[in-house]
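Participant: Now for the letters of each chain:
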Amino acid sequence: MNLFQHIGRFTLMISLAFRKPEKWKVLRQNIVIEINTIGISSLSIVALLSLFMGAVMVIQTASNIDSVLIPAYTVGFATRQSIILEFSSTMICLILAGKVGSNIASEIGTMKLTEQIDALEVMGVNSINHLVLPKILASLFIFPFIVLISMGLGLIGGGLIGTQAGIITLEKYIMGLQYYFVPFSITYSLIKTLFFAFFIATIPSYFGYYVNPSGGALEVGRSGTKSVVASSMVILLINLIITYFLLL
Amino acid sequence: MSIIVNDIKKGFSGTEILKGISFEFEKGKTNLIIGQSGSGKSVLTKCIVGLYEVDEGEVIYGGENFSGMSKSERKHIRTQIGMLFQGSALFDSYSVEENVMFPLTMFSDMSKEEMLDRVNFCLKRVELENKNHLYPSEISGGMQKRVAIARAIALNPQYLFCDEPNSGLDPKTSIVIDNLIYDLTKEYDITTVVITHDMNSVMEIGENIMYIHEGENWWTGDKQSIVTTDNKEIGDFVYASSFMKQLRGKLS
Ligand SMILES: Nc1ncnc2c1ncn2[C@@H]1O[C@H](COP(=O)(O)OP(=O)(O)OP(=O)(O)O)[C@@H](O)[C@H]1O
Ligand SMILES: [Mg+2]
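Order-wise, the sequence lines are chains G and D. According to our numbering, the first sequence is numbered sequentially starting from 5. According to our numbering, the second sequence is numbered sequentially starting from 266.
It is worth saying that the hints were derived from the structure and are not from the lab. A hint or two may mislead.
[What the hints assert, rightly or not] DSS-like mimics (lysine-lysine), calculated; alpha carbons at most 25 angstroms apart, straight line:
id	chain 1	residue 1	chain 2	residue 2
1	D	K451	D	K389
2	G	K29	D	K336
3	G	K230	D	K389
4	G	K27	D	K451
[Stated by the list, open to error] With beta-carbon atoms standing in for the labels, derived distance ranges:
id	chain 1	residue 1	chain 2	residue 2	range
5	D	K451	G	Q9	44 to 52 angstroms
6	G	G225	D	K284	49 to 57 angstroms
7	G	L240	D	S358	31 to 39 angstroms
We put the beta carbon where it would ideally sit given N, CA and C, even for glycine.
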């Protein structure tokens with residue numbers, strides 16, 4: 005299959021996902037479950053990453069500024085810019101594309117392999133709608149929160165290391181955080197996040213759903229790898245496009 | 266209601282797998298599809314339940330042409346179909362109780378209590394009590410089959426499909442499952458279709474048998490006539506094991 009056939013079949017899958025569900029109540033329950041597996045279970049890794057990356061950014065920026073002409077609060081300013089504009093949205097989503105993506109692909113791929121998807125279809129359940137829609141909606145809902153949390157923790161991590169290691173005073177750091185702050189930068193990041201969230205949920209679902217069942221567990225594993233590669237590339241591409249249109 | 270298949274043809278990328286199969290699966294009977302591995306039994310079954318679309322021919326459920334229907338038109342027939350898959354196909358993230366309850370949640374308007382009653386009734390019918398909160402990975406293969414049967418009968422189906430219900434089971438458990446399928450067929454007077462290549466099952470529950478050979482309906486009959494037919498392919502199938510060969514020696 006070439007790229008265009010994949011895109012065609014992917015689009016078809018999305019249109020089947022956005023159908024009226026059999027029972028709204030079941031959809032609601034499934035969304036809650038997915039928010040848990042996709043979002044809540046990723047919080048600890050996101051928190052850890054953000055604290056450490058914020059800390060490293062402060063050290064990096066400080067060690068690269070050795071001119072007296074550059075004010076100290078620049079450390080806070082630069083850290084804020086990197087975290088809000090790129091790290092907490094793009095980097096965190098790339099990492100979650102790996103964690104969440106391989107999870108989704110293997111879950112749906114295994115269901116295909118063991119005929120659970122056939123079982124749904126025979127009963128008369130639209131399996132794509134039943135399996136994929138809750139993942140999409142849950143991701144769209146939870147990812148913005150994850151990114152906001154990451155932003156907060158990244159800045160806190162930077163502040164902690166900056167003050168504890170004597171790199172910068174708390175007042176200067178906070179002054180840097182507020183320096184020329186454009187609230188739109190957060191909006192910009194959250195808009196990106198919504199696009200990323202959509203593809204982090206759908207691309208692995210696609211590779212899992214259309215896994216070749218005769219390939220067995222090996223093929224399910226491969227679909228996980230493929231989906232991580234594909235969704236990472238899509239994230240990078242979207243990042244470029246959105247940044248071009250929103251910030252230029 | 267019976268299921269009639271009419272001159273069904275199905276191929277994959279140029280190779281014809283089913284070459285025009287016609288048969289009537291009768292109501293209130295255990296209808297068997299038998300044949301060698303690769304003869305097209307699973308493909309035929311998937312065509313009948315609509316997991317594959319047929320290339321030619323038609324599938325008729327109780328007088329209604331299933332093949333000609335759209336997805337939404339098929340829905341009222343789908344809810345009358347229960348299916349037991351070869352690997353049980355239980356949802357692994359659901360407990361036994363949730364698995365059996367699933368079709369009820371999706372397609373009935375029952376209250377939670379009514380659903381629980383129905384689930385417990387079905388589980389009791391397959392002799393699986395007090396296993397409600399276990400997960401498929403925590404029960405044996407035979408029990409998984411029984412849970413899958415309970416799930417298949419939860420909505421009181423008119424049609425029951427079983428793809429190799431005995432695969433991977435010991436002979437004793439196989440007979441228990443066979444008898445369960447047979448009893449359910451009589452109890453609810455439903456149309457049951459069983460795919461098997463197990464001669465024990467054929468002799469146990471074979472009321473209306475179709476033998477498929479290379480995608481064609483090669484022979485039809487019942488368990489009495491299958492042992493006496495002089496059709497060569499059937500003979501090779503029936504008397505493949507040395508045990509059956511010895512038995513034939515004693516019979517004649
Ligand atoms: N989706 C498919 N695409 C291409 N070929 C297929 C497909 N499904 C089945 N076949 C082919 O159709 C033929 C019949 O397969 P089928 O699974 O119906 O056999 P079977 O009678 O069920 O065998 P078994 O007893 O081993 O289950 C095989 O040659 C198989 O390779
Ligand atoms: Mg088969």
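Participant: Each hint needs a verdict: does it hold in this structure or not?
Facilitator: Status of the hints after comparison with the structure:
For the hint linking K451 of chain D to K389 of chain D, the alpha-carbon distance of about 17 angstroms falls within 25 angstroms, and the restraint holds. Using a Cα cut-off of 25 angstroms, the hinted pair K29 of chain G and K336 of chain D holds, with the two alpha carbons roughly 22 angstroms apart. Restraint check for K230 of chain G and K389 of chain D: the C-alpha separation of about 44 angstroms exceeds 25 angstroms, so the hint is violated. The straight-line distance between the Cα atoms of K27 of chain G and K451 of chain D is roughly 33 angstroms, outside the 25 angstroms bound, and the hint therefore fails.
For the pair K451 of chain D and Q9 of chain G, the beta carbons lie near 49 angstroms from each other, so the given range of 44 to 52 angstroms is met. Checking the proposed 49 to 57 angstroms range against G225 of chain G and K284 of chain D shows it is violated: the Cβ atoms sit about 37 angstroms from each other. Range check, L240 of chain G to S358 of chain D: Cβ separation about 32 angstroms, and the 31 to 39 angstroms hint holds.
Violation of the numbered hints given earlier is confined to hints 3, 4, 6; the remaining hints are satisfied by the structure.
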